[in-house]
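Each residue of the sequence shown is one higher than the last, beginning at 1 in the numbering used here.
Incorrect hints may appear among the rest.
As the list claims (entries may be wrong) - The calculated EDC-like cross-link candidates involving lysine to aspartate or glutamate, where the alpha carbons are at most 16 Å apart (straight line), are:
1) 77 / 106
2) 77 / 42
3) 75 / 142
4) 75 / 55
5) 75 / 64
6) 108 / 96
7) 77 / 64
8) 115 / 140
Claimed, not checked - Label pairs and their calculated CB-CB ranges:
9) 52 / 22: 22 to 32 Å
10) 46 / 137: 22 to 32 Å
11) 65 / 41: 22 to 32 Å
12) 143 / 69: 36 to 46 Å
13) 23 / 44: 13 to 23 Å
14) 22 / 96: 18 to 28 Å
To be clear, the hints were calculated from the coordinates, so they are not data collected in a lab. Being a predicted model, the structure only gives us computed values, none of them experimental. No residue lacks a Cβ here, since even glycine has one placed at the ideal position from N, Cα and C.
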Amino acid sequence: MKIVRVVLMVLCAAPVLAGAESESLRCPDLSAVVQVGACPSEEELKYTFGGYCGDNKRMYETGDTACESYANYHKLKNVALWESADGRFDGYVSCDLPEASLRAAELKSMQLGSKRGLVRLACTYGEGVVFAHRTRATCEIESPAACAADASACVARCQ
C-alpha cells in the first residue's frame, strides 16, 4: 500500500515539477516563418461575405466596419495562418502582403497581455504583422526598459 502512495505522489507531483521550468522566448525571425494555412480564393471570400455580413446585427454594430463594404471585409478576411519555425508563435498575415515584405519586416515591439487566465505574448512587426505566443504560464518581459528602447533585445520569461 505504501508503494502505491509513493507512486501516486510522484505522479501527482510530476506536472507541478515540470511546470516549474522557466522558458525564455524571443520574437521569431520572420525570414524563417512558414505559411501553414492557405489564402482564401476570391470565390470563397465572396461566398463567406454573404454569410458573415448577412446578419443584420453585424451591419449595425458600432466600431465594426468589416461589413460596410466588400473591400473592408476582403481586407479583414484575406489572411493566411503563418507560424514560426519552432511552432511557438503564429499569426494571421494578409495575403495581399508580398512574402518578401513579410520576411523583411522589422520587429517594433514585444507586449504581454492576459485575458481569462491566458497570457498572450505579442510580437509586432512593420506592415501590421503580429505573431503571438499563447500560454497559461506566468510570463514577464526581462528588462522592460531595454526592450522598449530596442525591440530586438526583448526576451520574455515564462514559468
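How the hints compare with the structure:
Between residue 77 and residue 106 the alpha-carbon distance is near 24 Å, which puts this suggested pair outside the 16 Å criterion. A C-alpha spacing of about 11 Å is found between residue 77 and residue 42, which places the hinted pair at or below 16 Å, so the restraint holds. Proximity of residue 75 to residue 142 is assessed by CA-CA distance (about 35 Å); at most 16 Å being required, the pair is judged violated. Annotation: proposed proximity of residue 75 to residue 55 is violated, straight-line Cα distance about 19 Å (limit 16 Å).
Under the criterion of a C-alpha separation no larger than 16 Å, the hint pairing residue 75 with residue 64 is consistent with the structure, at around 13 Å. A hinted pair counts as satisfied when its Cα atoms are at most 16 Å apart, and residue 108 with residue 96 does not qualify at roughly 21 Å. The hinted pair formed by residue 77 and residue 64 meets the criterion: a straight-line CA distance of about 13 Å does not exceed 16 Å. Using a Cα cut-off of 16 Å, the hinted pair residue 115 and residue 140 holds, with the two alpha carbons roughly 15 Å apart.
Under the hint 22 to 32 Å, the C-beta atoms of residue 52 and residue 22, about 42 Å apart, miss the expected range. A beta carbon spacing of about 41 Å between residue 46 and residue 137 contradicts the range 22 to 32 Å that was offered as a hint. Against the hinted window of 22 to 32 Å, the Cβ-Cβ separation of residue 65 and residue 41 comes to about 23 Å, which satisfies the hint. A hinted range of 36 to 46 Å for the beta carbons of residue 143 and residue 69 is consistent with their spacing of about 44 Å.
For residue 23 and residue 44, the Cβ-Cβ distance of about 37 Å falls outside the hinted range of 13 to 23 Å, so the restraint is violated. Separation of residue 22 from residue 96 is about 39 Å and departs from the stated range, judged on CB atoms against 18 to 28 Å.
In the structure shown, a violation is registered for the earlier hints numbered 1, 3, 4, 6, 9, 10, 13 and 14, in ascending order.
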